[in-house]
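For reference, the chains in residue letters:
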Amino acid sequence: MARYDFYFTRLMYESGDWDVDQRMPSNILHSLVQYTTLRVDPVERIVALSDPVMLEAPFCYLAGHKLVQFTEAEAANFRQYVANGGFVFVDDCNHDIDGLFAQSFERQMAQLFGDDELKKIPNNHLLYRSFFEFDGPPTTSVELNGWGDDLVHDYLKAIVVRDRIAVLYSNKDYGCEWDYDFRNKRWYAVDNTRFAVNIIMYALGG
Amino acid sequence: MTMMTEAEAKKVLDKVLSLAKADQCIVQLTGGREGNIRFARNTVSTSGEVSDLQLVISVAYGSRNAAVTTNDLSDASLAAAVKRVQELAKLAPENPEFMPAIEKQKYKASDTFAQSTADITPADRAQAAADSLEPSRKKGLVAAGFLQDNIGFVAHANSNGVFGYQKTSGVDFTCTVRTEDGRGSGWVSRNVDDFKRMSTAKASDIAIQKAEMSVDAKALEPGRYTVILEPVAAAGLINMMLGGFDARNADEGRSFMSKKGGGTRLGEKFFDERVNIITDPWHPDVPVLPWDGEGLAREKLDVVKNGVVNYLNYSRYWAKQKEKQAKALPGNLIMSGGKKSLEELVKGTKKGILVTRTWYIRMVDPQSVLVTGLTRDGTFYIEDGKIMYPIKNFRFNESPITMLNNIEELGVPERIAGDEAAVIMMIPPMKIRDFNFTSLSDAV
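Keeping their order, the protein sequence lines are chains A and B. Numbering of the first sequence is given in UniProt numbering, commencing with residue 1 and proceeding in unit increments. Numbering of the second sequence is given in UniProt numbering, commencing with residue 1 and proceeding in unit increments.
Hints listed in this document are in silico derivations from the structure and should not be mistaken for laboratory results. Honestly, I wouldn't trust all of these hints.
In the DSS-like style, the derived pairs of lysine-lysine whose C-alpha atoms are separated by at most 25 Å in a straight line are [to be verified]: (1) B/Lys305 / A/Lys185; (2) B/Lys260 / B/Lys108; (3) A/Lys185 / B/Lys260; (4) B/Lys327 / B/Lys106; (5) B/Lys15 / B/Lys83; (6) B/Lys340 / B/Lys327; (7) B/Lys269 / A/Lys185; (8) B/Lys106 / A/Lys185; (9) A/Lys66 / B/Lys218; (10) A/Lys66 / B/Lys351; (11) B/Lys108 / B/Lys218; (12) A/Lys66 / B/Lys340.
Please take these sequences and the hints and turn them into a complete structure.
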């Protein structure tokens, strides 16, 4: 029997910057320990998307600001992982629908899965009730830039396979929102990492 | 004459107290002179002096109270004012939070008055402006600024025998220097009580350097960075958490000091152990009046000791509700620091951002003191101990509570007052890790 119910896998890919928001995984892992009974591996695993080891991960995280253009091996593993029932959380660090990451990632998904497979999910989706209750995706501070031209995305997108989300895609920059020392969480009136718990509990079948 | 001696002020206060027939009477007399000079686009635009007096008489019948204000101290005016305020108090509804006038207090005088500030002439102000303007003009830069000085006296008394009198002085200076094309901007702010300690030339030189250095700013990706906050930039955030030290705010759930389910978190460790904050009306760098707005005698107190919050302010009303001792509202805050200058902090920084100023700060969430605001007037990228290049300004979303947990190093504290500080403060420059910049700002 496995020692852990959950471990956090960050995917490296060759075309862009995957090494963003370095404190985010340990912060999320801390939340899982705090709120759930999962046996959690406290160490983030960083795995190349081209490495077949990623196919065994219960959950993968892929993020960045720049170009997403998978190599053949990367594309093959991504497609295989999704077909096998895996879960990838993809977060656009530019929090901008016209940014390079968003444009190139969406194009990549269209190439792998077809033009219209990445769709908005409804804000009453099970994802928003899988642990804590939300009425849609929580807004991040980076979306509220205070100039009145806020780019708030009031939805998430996903590729759904056999009625389950396989690829969850956010333009909200959650990675940046959760990128802080977990010890500072105790000062928040409401812990803003709670939605991460929902994402992971959903990924694990909740 | 609007500057009065202790004997002159006492005579007026005694006169009012003798006229008043209400259950209680509180009188405050303030006066003095305020002078200023303003410059913009490299030339002086306005200059002036204001001298005035203000007498506030407050009386109560039971818990019905009222106050009137006048600056006419003639016998007839005093009699009319007392008559008027007594009529108003009788008409006023009962005040459910009424507190009777304070009992007799013992005040230990503090050194809040500097003769050099009283001796300021219009020519001195013009010279101070010239000292700031000339170097800017010579370099082809555009300066704007404001120098404001004040001297005054505060006297108060009540029908329980309280009496206090003290003279005060202060000088504030701010200066913004821009490049002709508007792409570079520097800013500086100084506050002193003694005009001898004010050098507008030295202060402006900093704004000039920053204006010249901040042209051609590069955009960095928003995110979490190690920052060095100049004392005034740090004060802007610290200022936003002061309301949290009010016991009533804490008890009623509006403060970071509120306990879930009721009560306060007094005595809990909130900050890095190097955070030590005291209040001391007799501190040589930031002396303030030895009494608060109600006339309660101030004392030296630990506010935060080794990161633990040891102090909450109980107003007299709230103290009575909670059976606590009311203490005077602090007039200053003194945060301890280290021995390093700002330059030395920069020198010891591998990668980071130097922030001159935090500006337009607004509260997002009072319970976690999450605030948002912008950097301005000189934001620079530091690498291997050197300022490498200017960067575009950021919006930040950060809490002073978190900030004071993420301390890497503190420098030598400086006196901060004016717009950035609700009370006068000593604040060190701070090196802080993981400061949260959330977007870019186009302003300079």
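Here is what the structure says about each hint:
| no. | hint | verdict |
| --- | --- | --- |
| 1 | B/Lys305 / A/Lys185 | 22 Å, holds |
| 2 | B/Lys260 / B/Lys108 | 40 Å, violated |
| 3 | A/Lys185 / B/Lys260 | 15 Å, holds |
| 4 | B/Lys327 / B/Lys106 | 13 Å, holds |
| 5 | B/Lys15 / B/Lys83 | 13 Å, holds |
| 6 | B/Lys340 / B/Lys327 | 35 Å, violated |
| 7 | B/Lys269 / A/Lys185 | 15 Å, holds |
| 8 | B/Lys106 / A/Lys185 | 45 Å, violated |
| 9 | A/Lys66 / B/Lys218 | 18 Å, holds |
| 10 | A/Lys66 / B/Lys351 | 22 Å, holds |
| 11 | B/Lys108 / B/Lys218 | 54 Å, violated |
| 12 | A/Lys66 / B/Lys340 | 40 Å, violated |
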